[in-house]
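Heads up: the sequence shown is residues 164 to 352, going by the numbering used here.
Note that these hints are calculated values from the structure, not bench results.
Even for Gly, the Cβ is constructed at its ideal location relative to N, Cα and C.
Hints are not guaranteed to be accurate.
Subject to a maximum C-alpha distance of 20 angstroms in a straight line, what follows is the list of computed DMTMM-like cross-link-like pairs (lysine to aspartate or glutamate) [said to hold, decoys possible]:
(1) 300 to 279
(2) 172 to 241
(3) 297 to 182
(4) 300 to 280
(5) 231 to 241
(6) 300 to 169
(7) 172 to 326
(8) 172 to 294
(9) 300 to 239
(10) 172 to 225
(11) 297 to 241
(12) 277 to 239
(13) 231 to 169
(14) 172 to 239
(15) 297 to 326
(16) 297 to 202
(17) 275 to 323
Restraint-style ranges between C-beta atoms, simulated for each label pair [as the list claims (entries may be wrong)]:
(18) 292 to 249: 19 to 27 angstroms
(19) 275 to 181: 44 to 52 angstroms
(20) 314 to 292: 12 to 20 angstroms
(21) 195 to 281: 31 to 39 angstroms
(22) 261 to 216: 32 to 40 angstroms
(23) 251 to 283: 46 to 54 angstroms
(24) 237 to 258: 24 to 32 angstroms
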Amino acid sequence: MIILTDLLKAALLCASQEESRYYLRGVHLSTSGHMVTTDGHRMFVARLNDQPAADVIIPLADVQAALKLAGARCQEIEVTADRVGQIAYTPVDGTFPDWRRVVPTGEETPAKDKPEDLPGNVHFNHAYIGDLAKMGKLLGGSSMLHPVSASHPCLVTFGERADCFAVLMPMRRTIDRTAVLTRNVVMAG
Numbered sequence: 164m165i166i167l168t169d170l171l172k173a174a175l176l177c178a179s180q181e182e183s184r185y186y187l188r189g190v191h192l193s194t195s196g197h198m199v200t201t202d203g204h205r206m207f208v209a210r211l212n213d214q215p216a217a218d219v220i221i222p223l224a225d226v227q228a229a230l231k232l233a234g235a236r237c238q239e240i241e242v243t244a245d246r247v248g249q250i251a252y253t254p255v256d257g258t259f260p261d262w263r264r265v266v267p268t269g270e271e272t273p274a275k276d277k278p279e280d281l282p283g284n285v286h287f288n289h290a291y292i293g294d295l296a297k298m299g300k301l302l303g304g305s306s307m308l309h310p311v312s313a314s315h316p317c318l319v320t321f322g323e324r325a326d327c328f329a330v331l332m333p334m335r336r337t338i339d340r341t342a343v344l345t346r347n348v349v350m351a352g
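Produce the complete structure using the sequences and hints provided.
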């Protein structure tokens, strides 16, 4: 199967760097015809032209080495059951999580009894926003966030690209109720 290098490079920005989460330290090729990476806070999904015969997780280091060896001008890399580009790999021995569970469906709504859950109150890790901008640049356009609420995953699209998307988890914020009460008392007083 042939995979576009811009998709692989974008995917690497969402792959986990944590040794303890070894099953996330790679690029997952799914029999559904998708390539997925995640670190648990953000996820990149691309639709592939072909479907692999079996689910496989290609180690992160091997994908990075294959891209480096292919060079900056290379636009696609061949991936087989044991090679990515010119690099032989041994698949990660683990099970990739069910990534479809966190993909926004469009049916999510903010909690009506929690004004802090409205889309205008959503907060994201700034480093992840920077990585999404890098992904947009790699994919030939901009990245656009589509938040629904402060408690639901956020869909991220990349310009006119219909072959990929990302998902970004919002940061949880705790409201200091004492500070809010104190401010209200001072303002009322």
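Against the earlier hints, flag every one the structure doesn't satisfy and list their numbers going up. Result: hints 1, 3, 4, 11, 12, 17, 18, 19, 22 break, sorted rising.
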